[in-house]
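Peer 1: Chain residues, written in single-letter form:
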Amino acid sequence: MADYKTLVAEHERRKAHAMAMGGPAKLEKRKAAGLMDARQRIDYLFDPGSFIESGLFATSYIKEARENSQCDGKVAGFGRIEGRPAAVVSCDLTVKGASSSLINVKKMGHLRNTSIRNGNPIVFLNETSGARIPDTMGAEGTGSLGQDPAQFVRMREIPYVAACLGPSFGTGTWFTMLSDFVTMRKGACLAVSSPRVTSIAIGEEVDSEELGGWKLHTEVTGKVDYATDTDEEAIDLLKTFLSYLPSHHNQRPPSRPAPPDSEHDPEAILKIVPPERQKVYDVRKLVRAIADKDSLFEVKPRFGRSAMTGLARLGGQVVGFVASNPMFKAGALDPDGCDKVTSFLVLCDSFNIPIIILTDTPGFLIGIEGERRKAPGKIMNFMSALQMCTVPRLSIVTRKSYGQAYLNMGGTRNSDDMGAWFTADVGFMDPTVGVNVVYGVTAENDPQKFLALKEEIERDSSAYDLGAIYSAQSIIDPRETRGWLIRMLEVHSRDREKGLSQRRLAGWPTTF
Amino acid sequence: MAKENVISEITGKVWKIEAEPGQKLAEEDAIIILESMKMEIPVLAPVGGVLTEILVKEGDSVSEGQVLAVMES
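As given, the protein sequences belong to chains A and B, one line each in that order.
Number 139 in the working numbering belongs to position 139 of the first sequence; there are no gaps in the numbering.
In short: position in the second sequence from 1, add 512, done, that's the working numbering.
Hints in this document: simulated from the structure, not taken from any laboratory.
Treat the hints with care, as some may be off.
[Said to hold, decoys possible] Only some residues are given here: those of chain B computed to face chain A with a beta carbon under 10 Å: (1) D541; (2) M549; (3) D572; (4) S575.
[What the hints assert, rightly or not] Take a look, some chain B residues computed to stay more than 10 Å from chain A by CB distance: (5) I522; (6) E532; (7) K550; (8) I566; (9) V568.
Backbone N, C-alpha and C define an ideal beta-carbon position, used for all residues, glycine too.
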């Protein structure tokens, strides 16, 4: 039997070997390219000294490959982010391209299941070449996969967040798709298979940016929330997102005192929103003027921009803002805007975040393109999600809200309390269009009659008409918006359920 | 210098042109104002850079996805 001194030395040698990742040459190359390695990323993510590793001695299950498969290509463990527990899986591209294999999939499963059981977020730092060859070849290789029948199930017990920091294919992509919030370093590629594999399969050259670049994912697929220039920024944004979320579904999101100067100048709102209904403005300015100072954190800012979705704080409490944004497409909600809102409602409801809806929309964007992109189905998904929400929903019509969009944006009983600014106009459609649709009269063919009919249609569409039938519970001066919302959040405290949602949307798909 | 197309995100009519070729623009500066859905809708610079070309004139009808101007970033 060897003595302890020898055993300790051997243990330390093995540890150092595992910690050395793919070796100094490969690590140097990354450093020169300005890329962090898997362990630096973990150090950057977690509070100093809080990381405890899981699976440092895990390697490939193929015995001959053990020596050069440190951590089996995925470094994993637990730590703390701003004092709160979290788990991480950080891909190490220098070891077998961080490809997925039997052992590291087992490792990821353990991290995931432990996080779900105990209630802490899991962070995926992805950079992976896909499934490992030759491990997954043949019936034996492929048939060994899928040992965990719940591997790809999201019931949103805990937040999943992902950063795509390099090539990301196969498992790396799947867990990105399953995440609640995603960042991507510009230059990374997120796709089913690599450009090379794709080129071979379809017989033509494929450009990496076109196949899975940041523009595609922030503007077209909507799966990536933010694209960044550096690894650090991508990780910082994950931390910011998590600062708004509870650690698990049985917790309310962490509140923090509102900064002392959060009571904005109420007159500012009147300067942001023009009283003329044909004039546009950026609703993000309005949300910033209502929410606690500097607390608005948009999600999916480059996607479906006729809708704005963002986390913020009101009087210290975390809320989710949903707003039509007149700055883009006049605030007419298109299929992308609907998808964006639906996914945000699901996020808020699953993690006990009250929803605030601000409406100023001419309605849903109509036209052939919208129909081809399944607008009616998207509108109903949005509606179903809204009606299944059990977190408090407060809505305010600021200038206009027409037709079905009125219901989707929380009209009447589709929110728990509805306010309307005294400027609100609510009806079946914009009165100018309505005159033509109902009476066949336009401003061009009979200006006098048009004006008379327009006045008639407009007469009964005011905020006060909505208040008279108690469909809006409050008609408010725009300057009172912040105060009204903070008081209404207290009224709709859900105290009987301790502020927790019934989570009827928890299993809703994480993509659209 | 990368070429960047400025695309109409909505079907409508060109109401006003707000910038001229050669002008330096910040991201989200207005280039053109369209009229659609009874609203005045700005077409914004997708990136910061120089406006090199405007392909429409006031009064033109434009469709969703149409290239209205070109920038260099």
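Peer 1: Are the hints correct? Go through all of them and say.
Peer 2: Structure-based check of all given hints:
{"no.": "1", "hint": "D541", "in the structure": "violated, 13 Å"}
{"no.": "2", "hint": "M549", "in the structure": "holds, 4 Å"}
{"no.": "3", "hint": "D572", "in the structure": "violated, 18 Å"}
{"no.": "4", "hint": "S575", "in the structure": "holds, 9 Å"}
{"no.": "5", "hint": "I522", "in the structure": "violated, 5 Å"}
{"no.": "6", "hint": "E532", "in the structure": "holds, 22 Å"}
{"no.": "7", "hint": "K550", "in the structure": "violated, 5 Å"}
{"no.": "8", "hint": "I566", "in the structure": "holds, 20 Å"}
{"no.": "9", "hint": "V568", "in the structure": "holds, 18 Å"}
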